[in-house]
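Enquirer: Based on the provided sequences and hints, a complete structural model is requested.
Under my numbering, residue 193 is the last one in the sequence shown; the count climbs by one each step, no gaps.
What the hints contain is simulated information worked out from the structure, not anything from laboratory work.
The beta carbon of each residue, even a glycine, is placed where N, CA and C say it ideally should be.
Honestly, I wouldn't trust all of these hints.
[To be verified] Estimated spans, in silico, between C-beta atoms of each pair:
1. Ala106 - Tyr151: 19 to 29 Å
2. Tyr101 - Val170: 16 to 26 Å
3. Gly124 - Ser175: 25 to 35 Å
4. Pro178 - Tyr96: 50 to 60 Å
5. Thr139 - Pro178: 16 to 26 Å
6. Pro178 - Pro98: 17 to 27 Å
7. Asn149 - Asn95: 21 to 31 Å
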Amino acid sequence: MLRHDGLPAPGCSPKQKTPIWPATQVLRDVGQRKLIGGGKGDRWPAESAIRTEMSQCWRPIRDSRPLQAVVPPQQVCSGQLHHQLTAIMHKFVILLACICVAAAQRGFTPVENYPPIPYSFNYANQDAEGSHTHEESGDGSGRVQGRYTLSLADGRTRTVTYTADENGYRAEIVTNEQGTESKNPADVVIQSSALPGPEAAIANEPNRLRG
-17 MLRHDGLPAP
-7 GCSPKQKTPI
3 WPATQVLRDV
13 GQRKLIGGGK
23 GDRWPAESAI
33 RTEMSQCWRP
43 IRDSRPLQAV
53 VPPQQVCSGQ
63 LHHQLTAIMH
73 KFVILLACIC
83 VAAAQRGFTP
93 VENYPPIPYS
103 FNYANQDAEG
113 SHTHEESGDG
123 SGRVQGRYTL
133 SLADGRTRTV
143 TYTADENGYR
153 AEIVTNEQGT
163 ESKNPADVVI
173 QSSALPGPEA
183 AIANEPNRLR
193 G
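Expert: Below, the structure is given as structure tokens:
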């Protein structure tokens, strides 16, 4: 780079983009300029000379890299894609919620309270081993009462009368089966006509010998 007087600018080199401007070079160049100017009236203040020389030689260093080198296009595209996917997911969630609410409202059926329906039944069965019967009735509100009987060919009998309501289940048993005795465990009343153990063994001895 040449100055206005034809001399090369101090501190600058054709191969160097960044100027080299040491303070000694500036002062030496200012002294040369005073000699070139000649004449006693030719004055060149040092401050003005330094500004002139620096403005001719110094140039700002610009970043010659393209914009893509500063912000990679992959990062820009990734950010935009992430934003678009997030927006799509939000819309999908809102749509799914609306579908669920609509389906729930459409499929809702109020429960109707029907009046209690009373019922009753009974049956009896007879075969070679004996007979048994069962009868029961209910008011439709949870209150039930009934009875069943069992009569075997060997003479054993059992009759159970029961009630079930808001107070629970209660039963009364009448039987002659061996090994039972009259007692009241919990809500059950047992009435047994069976013989006690020793007497039952004596009474059953002929049957045992016959067998």
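Enquirer: Between the beta carbons of Pro178 and Pro98, is the distance compatible with 17 to 27 Å?
Expert: violated (47 Å)
Enquirer: Does the Cβ distance between Pro178 and Tyr96 fall inside 50 to 60 Å?
Expert: holds (53 Å)
Enquirer: Given a hinted range of 16 to 26 Å, is it respected by the beta-carbon distance of Tyr101 and Val170?
Expert: holds (25 Å)
Enquirer: Does the Cβ distance between Gly124 and Ser175 fall inside 25 to 35 Å?
Expert: Holds: the Cβ-Cβ distance is about 34 Å, inside 25 to 35 Å.
Enquirer: Cβ-Cβ distance between Ala106 and Tyr151: within 19 to 29 Å?
Expert: Holds, since Ala106 and Tyr151 (Cβ atoms, about 24 Å apart) stay within the stated range.
Enquirer: Do Thr139 and Pro178 keep their Cβ atoms within the hinted range of 16 to 26 Å?
Expert: Once the Cβ atoms are compared, 18 Å apart, the range 16 to 26 Å for Pro178 and Thr139 holds.
Enquirer: Using the C-beta atoms of Asn149 and Asn95, is the stated range 21 to 31 Å upheld?
Expert: holds (24 Å)
Of the hints listed earlier, the one the structure fails to meet is number 6.
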